[in-house]
Amino acid sequence: MGTLQRFAMASMLLAGTAALGAPPAASKVTSELIAAAKKEGKVVWYTAVDLPVAERVAKAFEAKYPGIAMRVERSGGERIFQRIGQEYASNIHAVDVVNSSDAAHFIVWKRDGILAPYVPEDVALHYPAEQKDPDGLFASWRVWLSVIGYNTNLVKREEAPKSFADLLDPKWSGKIVKGHPGYSGTIMTATFQIARDLGWDYFEKLARQKVMQVQSSADPPKKLALGERAVMADGNEYNLFQLKEKGEPVEIVYPKEGTPLIIGPGGIMKDAPNPNAARLLQSFLFSTEAQQLMVDFGGLRSFHELVKDKPGRKPLPEIKLMKDDPAAVEKQADEIKARYSKYFKV
Amino acid sequence: MGVAMPRGRRADLSGAVLPLFAATLCLLVVLPIGWLIVFAFTDRTRHATLANFRVLFTDSAFLDPLLTTLVLSVAVSLICCAVAAPMGWIVARSDMPFRRAVRIVVTASFVTPPFLGAIAWELLAAPNSGLLNQLYRSATGQGPDAVLFNVYSLPGLIFVVCCYTFPYVFVLVANALDRIPGDLEDASSMLGGSAWRTARRVTIPLALPALAAGALVAFLQAMTLFGAPGILALPAGFHTMTTKIWSLFQYPPKPELAAAASLPLLAVTVVLLRAQAAALGRRSYAVVGSHAPPRPVKLGALRWPALLLCLGLLSLPVFLPYAALLNAAFSRIPSQPLTPARLTGDHWRFVFVELSATRLAMKNTFVLALLSASCGTLLALVISYLTARAAVRGHRVLDVLATAPIAIPGIALGVGLFLAYTRGPVVLYGTLWILLLAYVTIELPAAYQQLRSSFRALSVELEDASRILGASRLRTLRTVTAPLLGPSLVATWCFVFVAVVRELSAAAILFTSETKVLSVLIFDLNESGDLAAIAVLGLTMLVLTSVVIVIANVISGLRSGPRVRAA
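Protein chains in written order, with this note's numbering: chain E, 25 to 370; chain V, 0 to 566.
A portion of the hints provided could be inaccurate.
Calculated lysine to aspartate or glutamate pairs in the EDC-like style (CA-CA distance at most 16 angstroms, straight line) [stated by the list, open to error]:
| hint | chain 1 | residue 1 | chain 2 | residue 2 |
| --- | --- | --- | --- | --- |
| 1 | E | Lys63 | E | Glu79 |
| 2 | E | Lys369 | V | Asp63 |
| 3 | V | Lys253 | E | Glu359 |
To be clear, the hints were calculated from the coordinates, so they are not data collected in a lab.
The following block holds chain E by itself, in its conformation from the complex:
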């Protein structure tokens, strides 16, 4: 997946101020670490990845390291962020390892000093430099796109929207479903990129299309599969891959204007209640094994250079992408939410 480097933006570098001194040395999974983790016996992962994918990863971890119970706390990226903020404000340290769908969150957590430095060996050896924090606090665990999609039973291929602009056609009024940037980190990131490249009046017009508003970016693909709406204006490419490969009547559209690129970093908490299990899990999450599972079962994409694409999925270099910019998302998040609520009334 070395090709991904071309598309990976320097955002991570922006995120971390220039590291003083060398980043922490890469950590191998040692038998001492495994023994210490097993002694802790459990690990808690806060993640924004769609629940079935998260639980599948958890079961793989538990199978590899029997005796460590892994609990998944899944919620939308923005809600994970709010949850950690709320819990940490009351000195509740429940989370060991965190993964968000909004890379901007890691800028905040790094600034707040609540992440612990830890560089799994796989990250050191197989991940491009732009996809890891120079201070070793986090790395890009997964990458995916927020795409347009449609139900092939309800929409003919020729009539399907090809671009964001197409979604404003009156014929789609009442037929569109989309996620919400107040709950979903994916949608927050995508909304930023689309507003930046197409202008806010795109959303102002889209809001008049009687859009069905759901929360998670994992939900619009499911609403397409149900046949509840014909078209989704945003949502996870990876859910559509999963559904399509199961034979559900859904199809992906990479919009002409460019497709929002979403990067979901992962890191471990300084005050993790199970510090050893946290390290073990972090190493596992970035291993070839977990990354390949995430790609094959989950439909996600990976920055790990040894992980192979699944045939039949459009490779990233062939897709016109929008540029991600977590630093700007971090600055504008509140404004984006406020503006979005103004147009969409929720």
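For this one, chain E is given, so just place chain V on it according to the hints.
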């Protein structure tokens, strides 16, 4: 301490009881409300300000939800009365076949949490994928855009809220009609009054206070409900006050605004309850004379149509939703009717094998429900004893304090408790205790009122005998009164248990990942659209709740049955 008590006359702790219970109730009620008020009238640095209310009453982001909530509450109140009153009359006063069964099903439908009902109605009446809309299109041969009923709309929300609110009104009305003695009506007809005149001059006036109480309960339920709007309002593109308050906890959290937005709900509730007390004060009249059982009105040829009507109405909150949940739990795609080809056990495997939050949420829910039901019943028992028997001076304070939480919407209490216990000296946020406090507080008024009325129906002679023989008040309560109250206690316990399992509004504010309960887990699953997993969890929750209730009733039947008879 140190003071020698004469033998045979043990210390009567009753004197210490009032301050103790008053303090407990203050902790439960006054503390969260106090914080709510403090936050509502201050800014981030706790300087006094009215800015929160200025935003609340000028920003359309708050005014629209206020208006929507008002429309929702009025509509629900009216519709519930219009449906529950005739149905209550049919069940209580007519000779309709299976009327007891109908009554049991209505009461049992209380077990369904409104949020689960809302999700079930998504499966039934989402405009395109809803099973009923699909059926409608295939039956009428209309195109893909034809929609019979869209649940993602204000009428849709009103409908769903009505489904899960009308049992309250129904039970109130039917119970009131039970209590109207038949001889009053007989007297009216003997004096030449027509059936309609009897109804108009006797039955309706006597049932009216109950109906008014029902209308009020329905209004307050609809106004403070979070579950159903939490599921349906966002896709429909609007907020109610409760969903708006909840959304204020998004990052960056705005607890000051959330507190300010909770106060109107609180104020409206207090005003309406006072109005009701005033109105009923004038209108309630004791029915004297013999309590002849009501005379069932012969429906004649209308008996079976009446049953059909009742079953049709019951299909809306009970039969159709559970059919939809069963379908979703076993069908590959929840929106497709189950066929052998689509049958799958995957969703059950997912929930019970893969979903790592299931076991913890189940454990938390049932631990909390058992504890809240036990603590709540005990607290209500002691307080209702003290007030019903005027056992201590100042017992009226206890009465007010124990009834006060009825005026606190669950979400407001959630916000208040969050503000009270996320900062020192006592940090309970993140523990099950804060949820226990919330649940006991929310359910206390209902438990208290139920037990107080049972006390009033109980003669005091046995208690007096026990006291004369030297037992303290608390001992009398434990050994004499409580056993006599057995059935009421079990009913109260079950009521609190069920209410806790279905509670979402306070839990949605107060949970952490370690203290997640089933209702919150289901609400989270709804966020990512995992409808099949919700169906599995919802059905499991229903079965477990029913099992607990049956067990509670069996145990109480074994234990208190003979003793009550002996008494």
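Here's how the hints hold up against the structure:
no.	hint	in the structure
1	E/Lys63 <-> E/Glu79	22 angstroms, violated
2	E/Lys369 <-> V/Asp63	9 angstroms, holds
3	V/Lys253 <-> E/Glu359	15 angstroms, holds
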